[in-house]
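A.B. asks: So the protein sequences, as listed, match chains A and B. Be aware that the first sequence starts at 1, since it is given in our numbering, and climbs by one per residue. Be aware that the second sequence starts at 1, since it is given in our numbering, and climbs by one per residue.
Take the hints with a grain of salt, since some may be wrong.
Covered stretches of chain B, as calculated for chain A (at least 3 residues, CB under 8 Å) [stated by the list, open to error]:
(1) 148–154
(2) 199–205
(3) 210–224
Hints listed in this document are in silico derivations from the structure and should not be mistaken for laboratory results. Predicted model only: the values in this text are computed from it and were never measured. Just so it is clear, CB atoms sit at the ideal spot from N, CA and C, and this is done for glycine as well.
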Amino acid sequence: MISDAALRHLQEVADLPDLAGTPYEIRETIGRGGMGTVYLAWDQDLEREVALKVVSLPEEGGSVTERMLREARILARLEHPGIVPVHDVGTLPDGRVFYAMKRVRGSRLDEVARTAPVPERLRMFQRICEAVAFAHAHGVIHRDLKPENVMVGPFGEVLVMDWGVAKTLAAGADAESTPPAREPSPLTPLPASRPSFRERGTSTEAGTVLGTPGYMAPEQERGEVGRIDERTDVWALGAILGFLLEGSEVPRPLEAIRRRAMAAEPEARYPDVEALAADLSRYLAGLPVGAYRESFLEGVGRFVRKHRTPILLVLAYLVMRALLLLWLGR
Amino acid sequence: MPDHQPEPGGRFPLTRRSMIAASGDADPEVRQRAWEALVTSYWRPVYKYLRVQWRVEREEAEDLTQGFFVQALEKGMFERYDPARARFRTFLRTCLDSHVTNERKAARRLKRGGGQAVMSLDFGGAEEEIARHGASQELGLEEYFHRELVRALFGLAVEELRRRCEDSGKPVRFALFDRYDLQGPDAPERPTYAELAAEHGIPATQVTNELAAARRELRKIVLEKLRDLTGSEGEFRSEARHILGVDPG
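Produce the entire structure from the sequences given, and follow the hints as far as they go.
C.D. replies: Below is the structure:
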């Protein structure tokens, strides 16, 4: 006979990972998701807090385990201030795979964005772009970019999280020795200075839809795995930009940047995240943006706004000079 | 690898295979044993659901419970389950609702299994549980049925854990588990690991290890039983996440 309280307790303890043989000690549950649970744990060897992500169920060679391992490996190779570092990976005595990563303090972007002023939101967005561009340069497409997957730290630092459905692309240099990919990916031609990438064999079956509605590019929503590339993330970044600008009056050039990032056809989008970030930087610097053809008057208005102080100084000088001439001419 | 291996006694255990799948087996013995296993797991939630949610009198609930499972065997109800359409527990509850409605309409309750026990089911024990947990009528039909199913599942798992601990000569392991994890949540003050260690004359570190081992074994048993009681891998994963507190992905 199990009471309600005992039942709740048993459900809880049966779900707790068995950390025997590891240096970790669980402190509390941070969050739960489809793949597994994230715990706040204490690393007794290094005497520091870590976040421990543990797969929900043991399943040797199963898709969830494979994804967890892939996520850990992807994070391990992406050393960037905007991407959470992985410390350790392993299998628990009960067969569940886990990995330990840096404990991230802060709040989710969707929780903090609305309270921040628009320029601050745009700066956060630029940092997200930097992390994603870095991942792209290392052949990794996130595929599930959304405000809930971005953490903002107490000092404004931005971390892109949840790389569990990321797609890895094999570097061109290695591709010769890589077995033929199941679904060759037609990718945007990249600048000659960067390696070209193609999909590795460990990816998603055609027709599989991974991602979050509202933040999935059309080709991703249709399950066209072979068409997913950097521009798929560009689309999601456009959606995040739209989210960040919700509730505020959006200037036309900025709206044009969002629209171009979210174009239905990948060919009509920015070719990569750097191009998107560069256009946004031009907007923030008061320069014309590539996504928007402004009229003569708009150009004048932008010029005046950008150079307001020197223009006012010149105007003040001219008025003073005119007044002086008038006074001398009397 | 075959689905079921012969036991020394000649019977085929239905290990590593869903009981639901086995309930449609060509071998009548396998089918019968799968049915018995499903009855063992489900009769308690079914009975409590009838008593609490349908507000059926005790005697009628006993008859309806027996009749429901007899009819399930006779009509091959479990074989008709399609994992693609619903979870097994939802399917079972829907069948049960139809069964009650039909039986009441046709007033055939006493003809079919009425008063005739098909299995020795501890209805008295189930009544005590209902009395102890209250009516819980604030829960919806699905939630109540699910909660009682989870309770039955953990009840069977705890019994299995007790048996395994005894068979492997580790009665202290189960005694610690019983005191800390089963009785502890309802006790005015849960015993500390140090107190348990003193009671059993073992180091406190051993208490930690024994409890961890018992919980690990419990989790394993729960998952084994759940695999038996679900119709597909997807349903198993979804139910496991639900039961173990993880949101389905």
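A.B. asks: Out of the numbered hints, which ones does the structure contradict?
C.D. replies: Hint 2 is the one this structure does not satisfy, whereas the remaining hints hold.
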